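Between the sequences and the hints, there should be enough to build the whole structure, so can you do that?
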Amino acid sequence: MKAMIFAAGLGTRLKPYTETTPKALVPIGGIPMLEILIKHFQKNGINDIIINVHHFSDQIKEFLLKNNNFGSTISISDESDLLLDTGGGLRKAAWFFDDEKPFLVQNVDVISDISYQQMLDLQSQSGSFATLAVSDRKTSRYFLFDERMQLCGWENTKTGALKIVNHNFQNLKRYAFSGIHVIDPEIFNLIKKEGKFSIVDTYLELAATHKITGFEHNPENWVDMGKPDELIKAKLILDRIKSL
Numbered sequence: 022m023k024a025m026i027f028a029a030g031l032g033t034r035l036k037p038y039t040e041t042t043p044k045a046l047v048p049i050g051g052i053p054m055l056e057i058l059i060k061h062f063q064k065n066g067i068n069d070i071i072i073n074v075h076h077f078s079d080q081i082k083e084f085l086l087k088n089n090n091f092g093s094t095i096s097i098s099d100e101s102d103l104l105l106d107t108g109g110g111l112r113k114a115a116w117f118f119d120d121e122k123p124f125l126v127q128n129v130d131v132i133s134d135i136s137y138q139q140m141l142d143l144q145s146q147s148g149s150f151a152t153l154a155v156s157d158r159k160t161s162r163y164f165l166f167d168e169r170m171q172l173c174g175w176e177n178t179k180t181g182a183l184k185i186v187n188h189n190f191q192n193l194k195r196y197a198f199s200g201i202h203v204i205d206p207e208i209f210n211l212i213k214k215e216g217k218f219s220i221v222d223t224y225l226e227l228a229a230t231h232k233i234t235g236f237e238h239n240p241e242n243w244v245d246m247g248k249p250d251e252l253i254k255a256k257l258i259l260d261r262i263k264s265l
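If you're matching positions, the sequence shown starts at 22 in this note's numbering and goes up one per residue.
Please note: incorrect hints may appear among the correct ones.
Said to hold, decoys possible - Subject to a maximum C-alpha distance of 30 Å in a straight line, what follows is the list of computed DSS-like cross-link-like pairs (lysine-lysine): (1) K214 to K184; (2) K113 to K232; (3) K179 to K217; (4) K60 to K113; (5) K36 to K113; (6) K23 to K214; (7) K87 to K113; (8) K23 to K113.
For the record, the hints were derived by calculation from the structure and aren't laboratory data.
These numbers come from a predicted model, not from an experiment.
Here it is in structure tokens:
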């Protein structure tokens, strides 16, 4: 399975660390986030990777060159001139996923021991265009799923914004998105937008007519390293992953 790492973000939540360093190279337990994720992919048999870059992109390229890509085959999707957001960034990298097989996408600042194989199996069983790792945890923005874990909408509880794309179901349940997806490359034939746009908006548009499935996981086996107050939890999960 091929994979994409979203590493182009500005890392505003991690200031002042990211005022001189890209988010991807902020260390957790002395190891840069990007290195952690690449090696975690390798443990899961994933060695063919594309990484999008923007903020301090030259530092990331130099880091990979210095470390010989840690033995993986790594391509760069360069967004130095324009940050394309998650949807635009994925679309720009579409050329990389040319084997017609489902692929993995993960944010560089997410660390987890979620089973990629279980996500891939669910993707195959459900016939979905995308399988999204989600959990029942507190946030302000939620995907809304029906009883079959099919995506039906999105809600921002802080602003009151609500988008329902399938009106045939009631009692939708809120789940927080975990920044890990398994995607069928056929999705590129359905994406009509160009330039800068969010993958969340794309999923909501597609969910009106296509299957987008949620994969529920334990929130305790996941952490967003983009938040300074979560770095201690990130170190604990990292130690657990290393021991597997």
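Against the structure, the hints come out as follows:
no.: 1; hint: K214 to K184; in the structure: holds, 19 Å
no.: 2; hint: K113 to K232; in the structure: holds, 23 Å
no.: 3; hint: K179 to K217; in the structure: holds, 24 Å
no.: 4; hint: K60 to K113; in the structure: holds, 24 Å
no.: 5; hint: K36 to K113; in the structure: holds, 28 Å
no.: 6; hint: K23 to K214; in the structure: holds, 23 Å
no.: 7; hint: K87 to K113; in the structure: holds, 26 Å
no.: 8; hint: K23 to K113; in the structure: holds, 16 Å
In terms of the numbered hints stated before, the structure departs from none.
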